[in-house]
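K.L.:
Spelled out, the chains give:
Number of protein chains: 2
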Amino acid sequence: MTNAIYTFGEGRAEGSAAMKDLLGGKGAGLAEMCRLGLPVPPGFTVTTEVCNFFHQHKKFPDVFEKQLRTGLSHIETILGLTFGDAAKPLLVSVRSGARASMPGMMDTILNLGLNEETVKGLADRSKNKPFAQESFERLKKMFGDVVGKPLPHDPMEQLLEAIQAVFNSWDSPRAIEYRRIHHIPADWGTACNIQAMVFGNMGEDSATGVAFTRDPSTGEKFFFGEYLINAQGEDVVAGIRTPESLDQMRQTLPQCYQKLTDIYKKLEKHYRDMQDIEFTVQKGKLWMLQTRRGQRTAHAAVKIAVDMVAEGLITKEEALLRVEPAQIDQLLHPMISPRIKRKVLAKGLPASPGAAVGRVVFTAEEAVKWSEKKEAVILVRTETAAEDIHGMHVAQGILTAHGGQTSHAAVVARGMGKVCVAGCGQLDVDEEKKQFRVGKTIVKEGDWITLDGTWGDVMVGKLETIASKLSKEFHTFMGWADGHRKLKIRTNADTAADCRRALEYGAEGVGLCRTEHMFFEEGRIEVMQEMIAADSKEARKNALAKLKPMQKKDFLEIFRVMQGLPVTIRLLDPPLHEFAPHVEALRETNPMLGHRGCRLGITYPEIYEMQVEAIMEAACELAREKISVMPEIEIPLVGLAGEIRLLRELCKTVCERVMQSTGQKIEYKIGSMIEVPRAAFRADAIAPYADFFSFGTNDLTQTTLGISRDDGFKFLSEYEQKGLVHSDPFQTIDFEGVGELMKVCVKKARQIKPDMEIGICGEHGGDPASIEFCDEIGLDYVSCSPFRVPIARLASARARLKNVK
Amino acid sequence: MTNAIYTFGEGRAEGSAAMKDLLGGKGAGLAEMCRLGLPVPPGFTVTTEVCNFFHQHKKFPDVFEKQLRTGLSHIETILGLTFGDAAKPLLVSVRSGARASMPGMMDTILNLGLNEETVKGLADRSKNKPFAQESFERLKKMFGDVVGKPLPHDPMEQLLEAIQAVFNSWDSPRAIEYRRIHHIPADWGTACNIQAMVFGNMGEDSATGVAFTRDPSTGEKFFFGEYLINAQGEDVVAGIRTPESLDQMRQTLPQCYQKLTDIYKKLEKHYRDMQDIEFTVQKGKLWMLQTRRGQRTAHAAVKIAVDMVAEGLITKEEALLRVEPAQIDQLLHPMISPRIKRKVLAKGLPASPGAAVGRVVFTAEEAVKWSEKKEAVILVRTETAAEDIHGMHVAQGILTAHGGQTSHAAVVARGMGKVCVAGCGQLDVDEEKKQFRVGKTIVKEGDWITLDGTWGDVMVGKLETIASKLSKEFHTFMGWADGHRKLKIRTNADTAADCRRALEYGAEGVGLCRTEHMFFEEGRIEVMQEMIAADSKEARKNALAKLKPMQKKDFLEIFRVMQGLPVTIRLLDPPLHEFAPHVEALRETNPMLGHRGCRLGITYPEIYEMQVEAIMEAACELAREKISVMPEIEIPLVGLAGEIRLLRELCKTVCERVMQSTGQKIEYKIGSMIEVPRAAFRADAIAPYADFFSFGTNDLTQTTLGISRDDGFKFLSEYEQKGLVHSDPFQTIDFEGVGELMKVCVKKARQIKPDMEIGICGEHGGDPASIEFCDEIGLDYVSCSPFRVPIARLASARARLKNVK
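Protein sequences, first through last, are from chains A and B. Residue numbers for the first sequence follow numbering that gives the first Met the number 0, so the first one is 0 and each next one is one higher. Residue numbers for the second sequence follow numbering that gives the first Met the number 0, so the first one is 0 and each next one is one higher.
Since no wrong hints were added, every one of them can be taken at face value.
One copy or two, either will do: identical chains are not told apart, so a pair holds if it fits within one copy or between any two.
Computed list of lysine-lysine pairs in DSBU-like fashion (alpha-carbon distance at most 35 Å, straight line):
1. K284 to K65
2. K284 to K258
3. K126 to K148
4. K752 to K742
5. K746 to K801
6. K713 to K540
7. K551 to K713
8. K742 to K713
9. K625 to K485
Hints are computed from structural coordinates only; laboratory data are not their basis. Remember, it's a predicted structure, so these values are computed and weren't measured experimentally.
Could you put the whole structure together from the sequences, leaning on the hints where they help?
P.N.:
Below is the structure:
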């Protein structure tokens, strides 16, 4: 490594926005702002390479100290100050800055360079002894907190220790946890920025603030931010004092405000994206301390993307790449029913939109514990800090008593797409007693509350929520997505109501209709049990005859809703024990690998016969009404060519018989789920008997990895922590294992039938990374739950844009 | 098809021994005997092609009837008789004869050509009206039994119906069941032999008999057989009359006996194998009716093969191919301890050797029922018939009251390697009352009895059995096998006693030592439970410290026995719930896919640390005594490269530490089981961290097929019946699925490490067909239970002979 540091200042910089990997987001932003001629306090960035070297060798590279001194001279020359000089002391800040934003995760130390001697020089030069003393105290406290030892006298020693501390904070438990959640590789490392101090706390003509170039909650195009007079930046972020709106600044510091306005416009135009900026006003002079891509809600992301296309700032393709598919989820999250008359207990800041209902917990640990028991929780804190991340991750919503819209809680919650009400001052949180009080109302751990993050309302109890209404921009945006994707999007739906919702969200067919759910209803389960208990084929057929009209009715409704679109219906899949848990003889040691799926169809052909009859009779009945029906009959858990051969024959016979007797002609397909490795691996042997394949990646993951989804949680989270898996293989396809097997399957199937329809209907069908993979390996469609349909539409468009590249 | 029939007779034949596929075993044998100039009644064989055509088209081919008439003229010309002629009637038999012997499975009709008119001609010509009448009655009865309708008057009609019946019997339930058990493909079909009748029932100068060219039980080189004066062949086979020894024939029919002796010698020399022959003497003239390879016990098979090499009849390589590896099992089966003073209840014929202990059942159905409950059963019948096959298959032994050493029970039992005592005349079997009586002793269903098939003894109660002593010929034979095989043979052994037995049988190492079995012993399971219940790492380590000396002691014993040979030790594998079934929290939905194998090692590293310490401390202790130890530490259930990487590091650290502290140096290996599809598929990612691979094909089959071994029995037998699987995939590797995956694994592993040691330690390691496959795909060793070691030695030698070919 030759260049350990990159300097910036006075309209010039060695780095640029393009060097984010080496300089981190903050360092690259500072360099770029210098290049744009903006007022940035001079400084330099220590590269991420130095950080990685430091972690590997437990020391700095040999060239480092020399270059560090060069960096300091660069600042000293510009400012006419000297680091450690008693008369004209230079003070610097040391801040971390990784490639990806990790708000509040790593350490910062301000005012480095002060000691018993230089503090006097600062007091003399600023003519403000209390300010100099306060700055010194702040340094001693921060240094002690961060480095864990008393402040050394020698400024150079201070600086080296501070840089080490920043690098070490990259591997702090909270940073590791954050990286795990956000899938940030450990070897990215963090850069470290050493920059001349500017002070927002030098009196009423000084201030510090944070702003967004557009509203990060709604996406509205106006300059949005907060500032504090006579304060340092950390005070805003930490949420200790509640800051004021920028509108106020227009009056109190009009010249600075005008300058800031010019700058934000310049930055947004330059970056062609909404920016999150930090600034300090020192004695009436504006200094820029940061610019980066602004975090935003899904709603804002869509609106900003659509608006920027209209403004000619970006192309439609760029717009599609600007919104993370997972964010779309937020838009579909429920809101509180408008018919409900709210009894608002307390009002806070609307920090992250949507409605959340859950039981109150007061620590991140409790949040995790409760959520493991499948309880919905709301995390209530006086204020949140980095160590609360894992609790926020599992919570439905976050409620804090302190802090503004740019406080830790607000920023993190928006990033996670969690509902958040922040700075709710009426709240008196007692974490010891596990309760909070608002006036005379006491809410204890475990009590239900409802948050409205769009309005900042807190209500006691479980309020009714409804799906949110989708914006005009949303539909425009999704239209662009549809124009770019190749994958069809189907839905997993077992009822006509599910189908209707999925259609609204843009589904183009049903990829998985599970027939067994139809049997669990009251009045049906009893007949199902009668069928299971039958001790002769005759008795079984009698019970099945009672079930058939029920199934047929369901299919009639679904087909009617989905007219003109394909509907894949999976024949009975679960082991019979699920319907008759009291029957001991049906209990299995490993039901997942037991007598289920097509194995039932082979040993009890009369069950599948009844189901296929119900499907075809429903289809023929609608055909008579000129309603177009496209049934795809799906055989589950096929592993052997013989299974699908035999059952295809059975299904075909029934279909032909029903069509003959009704005089109708239906275009139907018979296909196979691909759920066990053998089926994937022997796709060429199975393909001749299947019109289509559909990957059941839930079961395929279980069998390929030999991990039960029900039991795997006991060790999978530890696996993630230890880096043995990148992510939960039941959420994102295990690309190297299951994914490779899928590739083999597609290849072998298409060798036999080049145009074979192949899709996916496991949970992975709604996961953006998995969808990208499905596009890449040439699947025809993904199928997911109705709520995930829009996510899938966007993800598949983005996949195409990326995979074509 | 141009040739529907192949004629034979008078020293000539259109067919030959080489045409077994087309003519069946019987037809090919008859043709070959004609070519050898032996006295064979003239006839012709309808080919298996005609049978297959008949099954496909439900009618005979067009050319058939014409060729049938040609065949008949062929016989008529030779004998000067005419089929259907009232004066000089030709009578024929119609017998099935498939490629593989299926004793008693299919139908036979004798005396065809008789009707109210021709019977008079027969009476006149034979000058024996009762004989003619009896023959006619026999025809009517057989025809009625087999064809299911009254005998037609027209002999040609009789013949066509009879041939159809023979073809139809190929698809009778009992024939299908037999084929399933013996893996005979349905499309082989059966041939049908039409042959001039000769009569063994024409008086005291007539006889019929069955013989073997060597003793089929012991392999001793003497002419061995039975005959009945004045009887037809079916009487011998059916076991209705108990026949006499051939020694008797030497006196009663000396000329015929001499001729028969010449013939058997000629046949054995010609076929270079022990033959099973059938003959009839009609009024002093000897006729040969069949020759085929004689079924034999394992003991006989080995002795005959070794003797024939000594006699210069066959080569050693041929000898190896003459003994089925599965047969070797018989040799190792226990015999009754010679120290026991037997109280023999009844004596029968020693029909199939070995000792069997079990509970009495009286029907095949009961045998199946009891054996499903894991009960050992002895099937007791007056006589057995084809429909008893499935009962015999599951029984430990068979006891019959009637029938000789060539009766159905005896032949089938020997073929299956089951113990059999036949023709035990003192037995009074009452199937209704579910009991049998011998004198005053009554034995009821469920009572325990012991059979000695080597001596023909029946005893009440459970007698102590011991492993049989292996013959000189056995060791010679196995020596030849060892000279030919490439695969090493290891054993699955958890105790020093297992190891000792396996060494005696020729094992060359331990391929799988399951450490968990060591924990189930009394005094250990309690400590294991203490370890499991531990609520802190400290408490767990305390319990583990108590377990370590116990494990170390076991390893010391095993290493001492196995000195100089590799010992693969698998670290803890089963889910902890198996050790603490009362702990609800440990219960899993699918334990097979749960928290087990290396997942335990990752979440509780202290367990594996203890085990590796015990292994290495034991090894180092022996090294000090100059005993060579070759430990191979095996990590179970690996699916991810990270798992083996992490655990390899852990094991290595412990090993190095122990070696350092003891000052010893041990050559150890660390390797991985391959038990889940992902591991096989990603072998290239796992190989860098493994010194060896061992296929755990039990689990690999479960995961690849998605079938639990514990639950699969519910449908797998139906799958076999329906032809969806060729054989039980847990017995013989599913070559097309699991096998292909194994191939991929070996290929990918050897791409990374060309010399990597790869073996197999699942149950399949002792299955001959699977061993052949393992040889083919280039494994280094197979590992199986001690009793299967000799089987594996032979199977791997045969594999080499076949695979090299």
